Amino acid sequence: MDPVMIKSVPFEQHIDSYLPERIATILIRSHHAGLVSKEPSTRINYLLEIASLHTRGELLGQPGLGRLSLQRIEKWMEFHGRRLRRNDESLDSVICRFGFRHALLEKNASRFAPRSVISSEDRDKILREFSSYGEREDIRRPERRIAVSQDT
1 MDPVMIKSVP FEQHIDSYLP ERIATILIRS HHAGLVSKEP STRINYLLEI
51 ASLHTRGELL GQPGLGRLSL QRIEKWMEFH GRRLRRNDES LDSVICRFGF
101 RHALLEKNAS RFAPRSVISS EDRDKILREF SSYGEREDIR RPERRIAVSQ
151 DT
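For the sequence shown, the working numbering gives the first residue as 1, with consecutive numbering after it.
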């Protein structure tokens, strides 16, 4: 019987690959998260993009985030090949990169499965927390539709 090789990941690398639930929740509730989606589950899927919309100063202004949390976010983003928005960089320029990344992922979808950036347990906790709030104004706004008459 051949011995099985188990590939291990260094402990530091494993820590940096996931974002703690508390920090993920703060990012999902951030003002810039609304630019990505209204739905918490979609926001979780695009957590890296949401984080990249923020500057260091904006994150430090978020209640519950301090310098250590900011360092954790930066290490997590670096691990996944991303970075925070620079002060001189517009939101539009960061958002424009999302489309390019999406097209690149579609092209390579058959070779690479999307990586989760938070643990599945934390994802479930966050979604349960959002659903317990019920009809929160900042997360679940009803769509407004305008009736248009087609009489000519």
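Honestly, the hints are just simulated from the structure, not real lab data. It is possible that some hints are incorrect.
[What the hints assert, rightly or not] Label pairs and their computed distance ranges (CB to CB):
hint, residue 1, residue 2, range
1, Ser119, Glu39, 32 to 40 Å
2, Asp92, Gly57, 14 to 22 Å
3, Glu129, Ser90, 17 to 25 Å
4, Glu121, Ser93, 28 to 36 Å
5, Lys38, Lys125, 14 to 22 Å
6, Arg128, Asp88, 37 to 45 Å
[Said to hold, decoys possible] No farther apart than 30 Å at their CA atoms in a straight line, the calculated lysine-lysine pairs in the DSS-like style are these:
hint, residue 1, residue 2
7, Lys75, Lys38
8, Lys125, Lys38
9, Lys75, Lys125
Please read these numbers as outputs of a predicted model, since none were measured by experiment. Glycine is no exception: its CB is placed at the ideal position from the N, C-alpha and C atoms.
Okay, the hints, checked on the actual structure:
no.: 1; hint: Ser119 with Glu39: 32 to 40 Å; verdict: 20 Å, violated
no.: 2; hint: Asp92 with Gly57: 14 to 22 Å; verdict: 19 Å, holds
no.: 3; hint: Glu129 with Ser90: 17 to 25 Å; verdict: 32 Å, violated
no.: 4; hint: Glu121 with Ser93: 28 to 36 Å; verdict: 35 Å, holds
no.: 5; hint: Lys38 with Lys125: 14 to 22 Å; verdict: 20 Å, holds
no.: 6; hint: Arg128 with Asp88: 37 to 45 Å; verdict: 39 Å, holds
no.: 7; hint: Lys75 with Lys38; verdict: 27 Å, holds
no.: 8; hint: Lys125 with Lys38; verdict: 18 Å, holds
no.: 9; hint: Lys75 with Lys125; verdict: 23 Å, holds
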